[in-house]
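Peer 1: With mature numbering (1 follows the signal peptide of the UniProt record, and there is no 0) applied, the sequence shown corresponds to residues -26 to -1, 1 to 746, in that order.
These aren't lab readings, by the way, just hints derived from the structure by calculation. A portion of the hints provided could be inaccurate.
[What the hints assert, rightly or not] Restricting the straight-line Cα-Cα distance to at most 25 Å, the calculated cross-link-like pairs of lysine-lysine (PhoX-like) are:
(1) K338 - K424
(2) K469 - K406
(3) K553 - K520
[Claimed, not checked] Quick list of simulated restraints, FRET-style, between CB atoms:
(4) R146 - K93: 48 to 56 Å
(5) E430 - Q543: 56 to 64 Å
(6) L202 - Q246: 17 to 25 Å
(7) K93 - S256: 22 to 30 Å
(8) R259 - V15: 27 to 35 Å
(9) V396 - D75: 58 to 66 Å
(10) S397 - E430: 25 to 33 Å
(11) G60 - S4: 28 to 36 Å
(12) E430 - L493: 32 to 40 Å
(13) T152 - R259: 15 to 23 Å
(14) S4 - D236: 18 to 26 Å
(15) E243 - G60: 31 to 39 Å
We put the CB at the ideal spot given by N, CA and C, even for glycine.
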Amino acid sequence: MAPKRCCLDSCLLGLLLSALVGVSAGAELSFTLEPSDVIAVQEQPLMLHCQVDGIQPITILWRRNGGILLEDGSSGTFANGSLLIGRFQRSKADGSSDEGDYECVAQNHFGLVVSRKAKVQAATMAEFHVQPQSVLVEQGGVGRFQCQIHGLPEPLISWEKNGAPVDTEDERYTLLPTGVLQITGIRPEDSGIFRCVAENTAGVKRSAGASLTVSGSQSSVYKEPAILVGPENLTLTVHQTAILECVATGYPRPIVSWSRLDGRPIGVEGIQVLGTGNLMISDLRVQHSGVYVCAANKPGTRVRRTAQGRLVVQAPAEFVQSPQSISRPIGTTAIFTCLAQGEPMPQLTWLKNGQILEPGGHVKLRNNNSTLTIYGISQEDEAIYQCIAENSAGSTQASARLTVLWADGLPSSPHSVRATTVSPTAIQVSWKEPVQNTHDIIGYVLHIRKTGDPVEMEYQEAVSKNTLQQVVGDLQPSTSYTFYVKAYTSRGASKPSESAVESTLGEVPATPSLFIKVLNSTSVQATWEPSIKLGLHEGFKLYYRKVHATHFTGPLLLSRNVTSYNITQLDPSVVYEVKLLAFNHHGDGNSTVRFVSLREAIERSVLNTPCDCVKDEQSKTSTPGILIGIHIGVTCIIFCVLFLMFGYRGRLMMCKNMQDQLATPQAGRNPNRGGSGLLVLNGVSRREHEAACSAGKLNDTNELEQLFPGPSLRGQRDKADMTDHVPATSHDETQISTLPLDEFSMVEEPQFEDSPPGGDGCNRQNTTQDEG
């Protein structure tokens, strides 16, 4: 809803701005020269420069440490804006000092601007906190002296030997600006007393003397390379010079090399080697920051020693995008953007007419103070706004002016604004047209926001000029809203009307979500989730009953922070109905109903009934044995049944095959052919074989009857006894072979002319089939 309304408002305002083209922003007030940091000399005059461009009259004054600097006999401001301090004093009789942060302040009828801060410090020279120390060096070795002293400006260090300046033309002597003297390839004539001399505008100081003693002659004994002094950690500003010291010893003389720990090349521009291994980087840049490694290498080998130091290069703040002066009609929004860079990252501060701008109300700062937004601008917002970017390396400022456009003949503010609640989601706002200049009104804009919300959360609705009321919908129930109205003409907008505050009606809470979980056979858990969709609610009401019951049990009143409740002592044999609703002072909301059955819990309880594990040790050990014995017995029974069934089937197949072989020769015999023939089966006659078949059938029937007694088997056995003519002794006297058929030997005797007498049992049956 809000984006659509803003679009309508923007369209209306676009028409209004078209009539304002050509109105200039007016002349700006800006600095053409700002004061710089300076180190002043005690009792000497000091000049700070400041020049401003803008429409006259322009008033210039100075501030020190945030306070107005009053002119007296010792200081004054020139017509061009420069400040002169006749006799700079670090400490005055009244306890004040001329040291501090100075700002140039310029003002005209458009506004006020403040220059960058200029730090003024007194030139000083402290005592040496590091004095040179006497050393004893072998001939051909390396001698090193160092002294350090604090001072402003940074003192220049020089060295004296035996009261005279050292010979800087000698390449063996290296003087570093950090207060270090290096002497390589020591000779006997280098012996003497050395002292350093520090000098700046505050004066000159000499350190204590230190002796250099040369011992013995140059040694040719091999010595491992070693680094006596490695690079120190340095923090400098761009365009300064960095010197990284590295002093190495050893025999033969080690080779000193430099590299970066991150592997990036050091480069050649502005790079110079001082002495035998010191690295000097001139005109520092931010990209020179890093860890530098000094390595002392033994010539011709890979033997090396290393030391490292970190170089941090800072850069003062500078603007990537400066704020631009703008002109805006009254009631609209003004936005200034300020982007700065530096190392470390600058902090941004905004000033309005020289005073720190505190965000709040219709003024907002975002994106780490890089964006200044002023909503619903008025005449009081017309001013010069400055963006101050500052870090440890320096500060800078940029200014821009906001011009609030106000045309003559604009209508006065709408009045008698009233807001009336219509429903929980709608409020009607009415007003009366302005008293003055109403003939040019082209419409109204109704501004809407929740009471207490920031101004940037406001949205608008454009309203026809013939309409003096508007129903605002899609509002939140039980919520307070603030409304005001502006009248627009082609030349601009009126001032905003007085605000009207009204709250929407309340409504009952929305329907809550409900979940039921069965805990056991007699209890369930009702769970619901808190949600902003519920709206304002004071608590919950929970009901439950049997499905066929007439009345609910409840309500159970639960506070708004409760999200679950256990219902116990239920009947496991019936289905229950559970109902939940939220309530507030407007009444009860709609309920959520769930049905639940506890029967599944009972079934799970039976299936999951635990065993009685309270047994004696004998029961625990005997139970597995009994189970194993039962399994073994059942397996044996099954195996025996299968064995008998397949054995019986094998005998029947063998009997049938042998009878087929005995009957086959009779089919095509010549009846006139003489002789007799006999087919012998492993020495058993045909009649004996038939008797064995019958006996085998009887025997198998007996075995099956013993395993599976029943009337069918018994009847088959009786029938076999009636039809079997083979003597009982035949079974005892004859043993039937159980070998496979391919192991039997078949011997053919001379055949007889007539067919042998038919046998009983299985042989008779086969013969009858062959004859047929």
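Peer 1: Decide, hint by hint, whether the structure agrees.
Peer 2: Evaluation of the provided hints:
This hinted pair checks out: K338 and K424 have alpha carbons roughly 17 Å apart, not beyond 25 Å. Distance check on the hinted pair: K469 and K406 sit about 14 Å apart at the alpha-carbon level, within 25 Å; holds. Pair hint K553 plus K520 holds up; C-alpha atoms about 12 Å apart against a cutoff of 25 Å. As the Cβ distance of R146 to K93 is approximately 41 Å, the hint placing it in 48 to 56 Å is violated.
For E430 and Q543, the hinted distance range of 56 to 64 Å is satisfied, since their beta carbons lie about 57 Å from each other. At roughly 21 Å, the beta-carbon separation of L202 and Q246 lies within the given 17 to 25 Å, and the hint holds. Remark: the range hint 22 to 30 Å for K93 to S256 is upheld by a beta-carbon distance near 25 Å. Checked against the hint of 27 to 35 Å, the C-beta distance between R259 and V15 comes to roughly 32 Å, which is consistent with it.
At about 59 Å, the CB distance of V396 to D75 agrees with the hint of 58 to 66 Å. Distance hint check: the CB atoms of S397 and E430 are about 28 Å apart, consistent with the given range 25 to 33 Å. For the pair G60 and S4, the supplied restraint of 28 to 36 Å holds, since their beta-carbon distance comes to about 29 Å. At about 51 Å, the CB distance of E430 to L493 disagrees with the hint of 32 to 40 Å.
Separation of T152 from R259 is about 20 Å and conforms to the stated range, judged on CB atoms against 15 to 23 Å. For S4 paired with D236, a C-beta distance near 42 Å fails the hint of 18 to 26 Å. Distance hint for E243 and G60: a CB-CB separation of about 45 Å, inconsistent with the stated range 31 to 39 Å.
This entry does not satisfy hints 4, 12, 14 and 15, going by the numbered hints stated previously.
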